[in-house]
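*Asks:* Chains as they are written, first to last, in my numbering: chain Y, 1 to 353; chain E, 1 to 299; chain W, 1 to 336.
If you're looking for bench data, these hints aren't it; they were derived computationally from the structure.
Some clues are possibly wrong.
[Claimed, not checked] Derived DSBU-like pairs: lysine-lysine, alpha-carbon spacing no greater than 30 Å straight-line:
#1 Lys136/Y - Lys219/Y
#2 Lys280/Y - Lys307/Y
#3 Lys138/W - Lys44/W
#4 Lys39/Y - Lys134/W
#5 Lys27/E - Lys138/W
#6 Lys39/Y - Lys119/E
#7 Lys134/E - Lys119/E
#8 Lys240/W - Lys132/Y
#9 Lys132/Y - Lys219/Y
#10 Lys119/E - Lys27/E
#11 Lys350/Y - Lys307/Y
#12 Lys39/Y - Lys136/Y
#13 Lys39/Y - Lys111/Y
#14 Lys134/W - Lys151/E
#15 Lys44/W - Lys136/Y
#16 Lys307/Y - Lys39/Y
#17 Lys111/Y - Lys132/Y
#18 Lys107/W - Lys39/Y
#19 Lys27/E - Lys134/W
#20 Lys107/W - Lys29/E
#21 Lys44/W - Lys134/W
#22 Lys219/Y - Lys280/Y
#23 Lys151/E - Lys134/E
#24 Lys44/W - Lys39/Y
#25 Lys111/Y - Lys44/W
#26 Lys107/W - Lys134/E
#27 Lys138/W - Lys132/Y
#28 Lys240/W - Lys29/E
#29 Lys39/Y - Lys134/E
#30 Lys107/W - Lys111/Y
[Claimed, not checked] Calculated Cβ distances over 12 Å to all of chain W for the following chain Y residues:
#31 Tyr119
#32 Thr133
#33 Leu141
#34 Arg143
#35 Val194
#36 Met211
#37 Asp238
#38 Gln265
#39 Ala294
Built from N, CA and C at the ideal position, the CB exists for glycine as well.
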Amino acid sequence: MSERSEVTIKQSTAAREAAAPPRKEAPGVRISGLTVVYKTPAGELPAVRDVSLTLEPGSITGIVGESGSGKSTLALSLLNAVQPPGRISTGSVEIDGLGDVVGFRGERLRKARGQHIGYVFQAAQNSLNPLKTVGKQLLDLGRSHGVDDLRGLVREAKELLGRMGLDGARVLDSHQHELSGGMRQRVGIMLALVLNAHLVVLDEPTTALDMITQANILKIVREVHAERGLTTLVITHDIGVVAEVADRLAVMYGGRLVEQGPTRQVLAAPRHPYTRGLIKAIPRLVGDIDEAQALPGRPPTLVTVPKEGCVFRERCALRMDVCDTVDPQARVDEGAYGPRIVACHAVTVKERA
Amino acid sequence: MSVLLESSSTSATMRRNFWAGVWRVMKRKPSRMVGVVLVLGFAFMGVFGPMFYPAQLPRDPNLITSPPSAQHWLGTDDQGRDVIALVVTGSRYVLLAALVTALITVVVGTGIGLFSGFKRGRWDTVLMRLTDMKLTIPGLPLLLVLSTVWKFGSPTQMGLVLGLLGWGGVARAVRSQTLSLRERGFIEAARGLGLSTTHIVGKELLPSMAPYIAMNMLIAVTGGVYAQVGLFFLGVLPYESNNWGQMLNTAVFRSGALTVPSGLGFLIGPLLAILLLTLAIVLVVDAMDEIFNPRLREE
Amino acid sequence: MGVIARRLAGHLARGIVMILVVATISFFIVRSIPGDPVAANVQKLIQQGMDPVAAEQATRVLYGFQPRGTLWHQYIDYMSGLFTFNLGQSVSHAGQPVTQVLGEAAKWTVLPVLAGTLLSFLVGIVLGVYAAIKRSGKLGDVLAISGSLLHGVPQYVLGLLLSAVFATLIPILPADGPVDILYEPGFNAGYLGSLAQHAVLPVATYALAAYGGWILAMKSSVVTVLGDDFILAAELRGMKRSIVFRYIARNAILPLFTILALSLGLLLGGAVFIERIFNYPGLGLLLLDSITMRDYALMGGAFLLITAAIIVANILADLFYSVIDPRVRGGEEVST
Numbered sequence: 001m002s003e004r005s006e007v008t009i010k011q012s013t014a015a016r017e018a019a020a021p022p023r024k025e026a027p028g029v030r031i032s033g034l035t036v037v038y039k040t041p042a043g044e045l046p047a048v049r050d051v052s053l054t055l056e057p058g059s060i061t062g063i064v065g066e067s068g069s070g071k072s073t074l075a076l077s078l079l080n081a082v083q084p085p086g087r088i089s090t091g092s093v094e095i096d097g098l099g100d101v102v103g104f105r106g107e108r109l110r111k112a113r114g115q116h117i118g119y120v121f122q123a124a125q126n127s128l129n130p131l132k133t134v135g136k137q138l139l140d141l142g143r144s145h146g147v148d149d150l151r152g153l154v155r156e157a158k159e160l161l162g163r164m165g166l167d168g169a170r171v172l173d174s175h176q177h178e179l180s181g182g183m184r185q186r187v188g189i190m191l192a193l194v195l196n197a198h199l200v201v202l203d204e205p206t207t208a209l210d211m212i213t214q215a216n217i218l219k220i221v222r223e224v225h226a227e228r229g230l231t232t233l234v235i236t237h238d239i240g241v242v243a244e245v246a247d248r249l250a251v252m253y254g255g256r257l258v259e260q261g262p263t264r265q266v267l268a269a270p271r272h273p274y275t276r277g278l279i280k281a282i283p284r285l286v287g288d289i290d291e292a293q294a295l296p297g298r299p300p301t302l303v304t305v306p307k308e309g310c311v312f313r314e315r316c317a318l319r320m321d322v323c324d325t326v327d328p329q330a331r332v333d334e335g336a337y338g339p340r341i342v343a344c345h346a347v348t349v350k351e352r353a
Numbered sequence: 001m002s003v004l005l006e007s008s009s010t011s012a013t014m015r016r017n018f019w020a021g022v023w024r025v026m027k028r029k030p031s032r033m034v035g036v037v038l039v040l041g042f043a044f045m046g047v048f049g050p051m052f053y054p055a056q057l058p059r060d061p062n063l064i065t066s067p068p069s070a071q072h073w074l075g076t077d078d079q080g081r082d083v084i085a086l087v088v089t090g091s092r093y094v095l096l097a098a099l100v101t102a103l104i105t106v107v108v109g110t111g112i113g114l115f116s117g118f119k120r121g122r123w124d125t126v127l128m129r130l131t132d133m134k135l136t137i138p139g140l141p142l143l144l145v146l147s148t149v150w151k152f153g154s155p156t157q158m159g160l161v162l163g164l165l166g167w168g169g170v171a172r173a174v175r176s177q178t179l180s181l182r183e184r185g186f187i188e189a190a191r192g193l194g195l196s197t198t199h200i201v202g203k204e205l206l207p208s209m210a211p212y213i214a215m216n217m218l219i220a221v222t223g224g225v226y227a228q229v230g231l232f233f234l235g236v237l238p239y240e241s242n243n244w245g246q247m248l249n250t251a252v253f254r255s256g257a258l259t260v261p262s263g264l265g266f267l268i269g270p271l272l273a274i275l276l277l278t279l280a281i282v283l284v285v286d287a288m289d290e291i292f293n294p295r296l297r298e299e
Numbered sequence: 001m002g003v004i005a006r007r008l009a010g011h012l013a014r015g016i017v018m019i020l021v022v023a024t025i026s027f028f029i030v031r032s033i034p035g036d037p038v039a040a041n042v043q044k045l046i047q048q049g050m051d052p053v054a055a056e057q058a059t060r061v062l063y064g065f066q067p068r069g070t071l072w073h074q075y076i077d078y079m080s081g082l083f084t085f086n087l088g089q090s091v092s093h094a095g096q097p098v099t100q101v102l103g104e105a106a107k108w109t110v111l112p113v114l115a116g117t118l119l120s121f122l123v124g125i126v127l128g129v130y131a132a133i134k135r136s137g138k139l140g141d142v143l144a145i146s147g148s149l150l151h152g153v154p155q156y157v158l159g160l161l162l163s164a165v166f167a168t169l170i171p172i173l174p175a176d177g178p179v180d181i182l183y184e185p186g187f188n189a190g191y192l193g194s195l196a197q198h199a200v201l202p203v204a205t206y207a208l209a210a211y212g213g214w215i216l217a218m219k220s221s222v223v224t225v226l227g228d229d230f231i232l233a234a235e236l237r238g239m240k241r242s243i244v245f246r247y248i249a250r251n252a253i254l255p256l257f258t259i260l261a262l263s264l265g266l267l268l269g270g271a272v273f274i275e276r277i278f279n280y281p282g283l284g285l286l287l288l289d290s291i292t293m294r295d296y297a298l299m300g301g302a303f304l305l306i307t308a309a310i311i312v313a314n315i316l317a318d319l320f321y322s323v324i325d326p327r328v329r330g331g332e333e334v335s336t
């Protein structure tokens, strides 16, 4: 098995070098001051509030958060695809070689999706038209983006699928219901990359998959990322996934980015009390099960998230008076492996003392 | 004592919230108010309408199948009687039979649907096969064939026959509701609390389905009206008393309302009554749907 | 293919059971008609001078079962006749076999019903998509309410209204039978033109009666599909609007094929009214006439054929559905 996949790797890289399309560089992405609001009976409520985040070219960034933290909304913002009743109210998403996608409309936006930015859905979601074979949907995709060489597209798709350990011809001839969760996920990755996009967003790539398939998919994500020269954003609630693949880690809570930094540093020495809680909550294979401590309380919803002050204070062990009224500002520490950013009053106070 | 007080006050607020919700739904689309008024109007017409007219409607031999005039707004029938008076006096038969139809439809349908969805297993399979068969046999032809052996002329008999033929749809719907409540753990939870089957069905299942059943009953009323008016229109049933279907039959096949325009009023009277009743019930069901279906309300 | 064959077998088995049930119903109804028309017929023939054996023989041919004997024997006699497509003879059609009379009438029912269904299907689907997309606006409301209203109004009301307006008030269309008798039947312009002209009102009635159901069903189906993940996925992959629209349409139409069967059943059952109003000599009118003329063999046959048509429509709709839905074809139960 491993032998075979090695062979396919060599073949596919060789094939790509031979017929290399005009190579795009892995783009950098700068999200700044992004706020996304949802229209509710109680008025417009922010799901993502004043988030700034930089994706370095060629890096894998992981965003971790509980459900309702705004991470999926943030991911959709990268494609300017926040669904109504939501909308991007302020901020920008600058992508190298494209510009600020927040201002994109119509055809320009449509072409950017797919050709420049690939989006991979959760495995549990049915991201394929149940009535058409994968191959026919691939051709629809090619026609949508004005690909003249449809045979070449199919060849590329087969290669990608083969690279991921699938029988390309068979998969292209299958309907969605004939594919397993792991196979669907690989098809999703293929469709995101086949038009040669160099910025890829993966939304919960491993949720609802079994352990072995999870490990496989993550390996594929890492390898494909390196081989094709991508900038990758992984959205997950599973800190283990981020530990496995990401160079940088960003933690979201209640629509805010509370901490970010190089993955190893953040995992080894978390600063924000929420990040610490998340890491403590992971059960370890070795050691006592009691060591894993669930974070007390529940994550806030759109309606219950505090309007002012720190969003995490309700569940925070280090809560102070100032947390009730003042929103903690992000503190940036430049380090050798990139900046570390944390937004917490308690951390600031402790470091000053 | 305090517990009692508290629960009664919460149920009072719940009731207030409910009526507030009803009011909001009505206000959002005023046409629904029209529906409610129309339904009440038809009920009034069926109960009290005939009292305003003499048992023998006055005949005007000089005005036979006359077109609408100031004196007779929708004209007269082939015996010189006022069409509006005929519609009003005929409504009692029609509405009474429809009410009986709806009651039987809903009682039988709910009973079978509940039983089927609650018991599941073999009973469910057998009952649903039966329901499917019933739904496949075309209702009107079956009624026509039945009319050769059974002259169900009186309103209660008519209601009985139509009700016994019409419960299939309600049974299917109630069964799927029961199954979906079961899926949500409703029944298992009640079982776990040690509640008896009668309690679960009577106090838990039925109330949560009541609005749904009520809507089905309103729809069954219209179904009852259509079927019996249709049967009388086709003329396969003996004359029992004046009713809308009878009027249509006389208008079309004896007075030639479709060939001479002067008889059109005679035809329009009962048609208008049926159309207004349909409109009323569609509007009320639409409002009920929104009141009891929170998913729709939020949209 | 095996899955489709299995489904078809199941349908056929159920269909045959249904036909047997309906035949049983008509047998027992004929048997229990007040005044026992079967015995009366034998008596009548004897009085006309026929010898008793010949009279019984003639009556058997007429009704499809022996006039004498136990109920059980008669039932077996009737049902076995059914398997050789012998439904007796029609008294009101000069002793023609019932099957032949039914065959004559069937075309006047089947063609208008199919035409009406097709028409309402096309219009209802287009407007249903529109009602789904504009569902929060005024126009969507109007479409939905008009759909519910038309869906609710019985066919005879629509038929009478159309007839009153277009045949009586503004007499531009005929409502008196399937064709003008002055034309020679055959492939000539006059006959075909007259045929088409006479079909307008009945077909329009069938179409209007079914259209409301289509618009409502299509609306809710489109709303469901719009919420599906794969539509968002297609948009996020930058698919063209026209392609996304095709994805929506095809997925939304699919569940409507189950309703197609119901709709055809409804229309076939309601054919009695429309054929009566427009004097169309189809199965419905035949059923009605057979009742008023006490032609019980014909009545049973017409009832049986209408039911059989509905069963066949059910099977065809389901087969069509299985062919176009790859999930059924692949053997997976479709849950939604």
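*Asks:* Each hint should be assessed against the structure and marked as holding or not.
*Replies:* Taking the hints in turn, this is what the structure says about them:
The straight-line distance between the Cα atoms of lysine 136/Y and lysine 219/Y is roughly 28 Å, inside the 30 Å bound, and the hint therefore holds. Only pairs whose Cα atoms come within 30 Å are accepted, and lysine 280/Y paired with lysine 307/Y is accepted, the gap being roughly 28 Å. About 68 Å separates the Cα atoms of lysine 138/W and lysine 44/W, which puts this hinted pair outside 30 Å; it is violated. With a C-alpha separation of about 19 Å, the suggested pairing of lysine 39/Y with lysine 134/W holds against the 30 Å cut-off.
Proposed proximity of lysine 27/E and lysine 138/W is supported: the alpha carbons are some 16 Å apart, at most 30 Å. This hinted pair does not check out: lysine 39/Y and lysine 119/E have alpha carbons roughly 44 Å apart, beyond 30 Å. A threshold of 30 Å between alpha carbons decides the hint, and for lysine 134/E with lysine 119/E the separation of about 21 Å falls inside it, so the pair holds. Restraint check: the Cα-Cα separation between lysine 240/W and lysine 132/Y comes to about 16 Å, which is no more than 30 Å; the hinted pair holds.
Distance restraint check for lysine 132/Y and lysine 219/Y: the Cα-Cα separation of roughly 29 Å lies within the 30 Å cut-off, and the hinted pair is therefore satisfied. Restraint check for lysine 119/E and lysine 27/E: not satisfied, since their Cα atoms lie roughly 42 Å apart, outside the 30 Å limit. Restraint check for lysine 350/Y and lysine 307/Y: the C-alpha separation of about 25 Å stays at or below 30 Å, so the hint holds. For the proposed pair lysine 39/Y and lysine 136/Y, the alpha carbon gap of about 37 Å is over 30 Å, so the pair is violated.
Restraint check for lysine 39/Y and lysine 111/Y: the C-alpha separation of about 28 Å stays at or below 30 Å, so the hint holds. Proposed proximity of lysine 134/W and lysine 151/E is contradicted: the alpha carbons are some 49 Å apart, above 30 Å. Taking the CA atoms of lysine 44/W and lysine 136/Y, the gap is near 73 Å; set against the 30 Å cutoff, the hint is violated. Straight-line distance between C-alpha atoms of lysine 307/Y and lysine 39/Y comes to about 16 Å, which keeps the hinted pair within the 30 Å bound.
As the CA atoms of lysine 111/Y and lysine 132/Y are separated by approximately 22 Å, the hinted pair is consistent with the 30 Å bound. Proximity of lysine 107/W to lysine 39/Y is assessed by CA-CA distance (about 57 Å); at most 30 Å being required, the pair is judged violated. Under the criterion of a C-alpha separation no larger than 30 Å, the hint pairing lysine 27/E with lysine 134/W is consistent with the structure, at around 21 Å. With a CA separation close to 46 Å, the supplied pair lysine 107/W and lysine 29/E exceeds the 30 Å bound.
A distance of roughly 68 Å separates the Cα atoms of lysine 44/W and lysine 134/W; the hinted pair therefore is violated under the 30 Å criterion. For the proposed pair lysine 219/Y and lysine 280/Y, the alpha carbon gap of about 25 Å is at most 30 Å, so the pair holds. Only pairs whose Cα atoms come within 30 Å are accepted, and lysine 151/E paired with lysine 134/E is accepted, the gap being roughly 22 Å. A C-alpha spacing of about 83 Å is found between lysine 44/W and lysine 39/Y, which places the hinted pair above 30 Å, so the restraint is violated.
Using a Cα cut-off of 30 Å, the hinted pair lysine 111/Y and lysine 44/W is violated, with the two alpha carbons roughly 86 Å apart. Only pairs whose Cα atoms come within 30 Å are accepted, and lysine 107/W paired with lysine 134/E is accepted, the gap being roughly 26 Å. Only pairs whose Cα atoms come within 30 Å are accepted, and lysine 138/W paired with lysine 132/Y is rejected, the gap being roughly 35 Å. Between lysine 240/W and lysine 29/E the CA atoms are separated by roughly 37 Å; this puts the pair beyond 30 Å, and the hint is violated.
The straight-line distance between the Cα atoms of lysine 39/Y and lysine 134/E is roughly 48 Å, outside the 30 Å bound, and the hint therefore fails. Only pairs whose Cα atoms come within 30 Å are accepted, and lysine 107/W paired with lysine 111/Y is rejected, the gap being roughly 54 Å. Not every C-beta of chain W lies more than 12 Å from that of tyrosine 119/Y, the closest at about 4 Å, which undercuts listing it as non-interface. Distance check for threonine 133/Y against chain W: the nearest CB is about 8 Å away, which does not clear 12 Å, and the non-interface claim fails.
Taking the minimum C-beta to C-beta distance to chain W, about 6 Å, the non-interface status of leucine 141/Y is violated against the 12 Å cut. Not every CB of chain W is more than 12 Å from the CB of arginine 143/Y (nearest about 7 Å), against its label as outside the interface. The Cβ of valine 194/Y sits about 10 Å from the closest Cβ of chain W, inside the 12 Å cut-off, so the non-interface label is violated. The claim that methionine 211/Y is not at the interface with chain W holds, since no C-beta of that chain comes within 12 Å of its own (minimum 24 Å).
Every CB of chain W is more than 12 Å from the CB of aspartate 238/Y (nearest about 20 Å), matching its label as outside the interface. Under the 12 Å C-beta cut-off, the non-interface status given to glutamine 265/Y relative to chain W holds; the minimum distance is some 33 Å. Under the 12 Å C-beta cut-off, the non-interface status given to alanine 294/Y relative to chain W holds; the minimum distance is some 30 Å.
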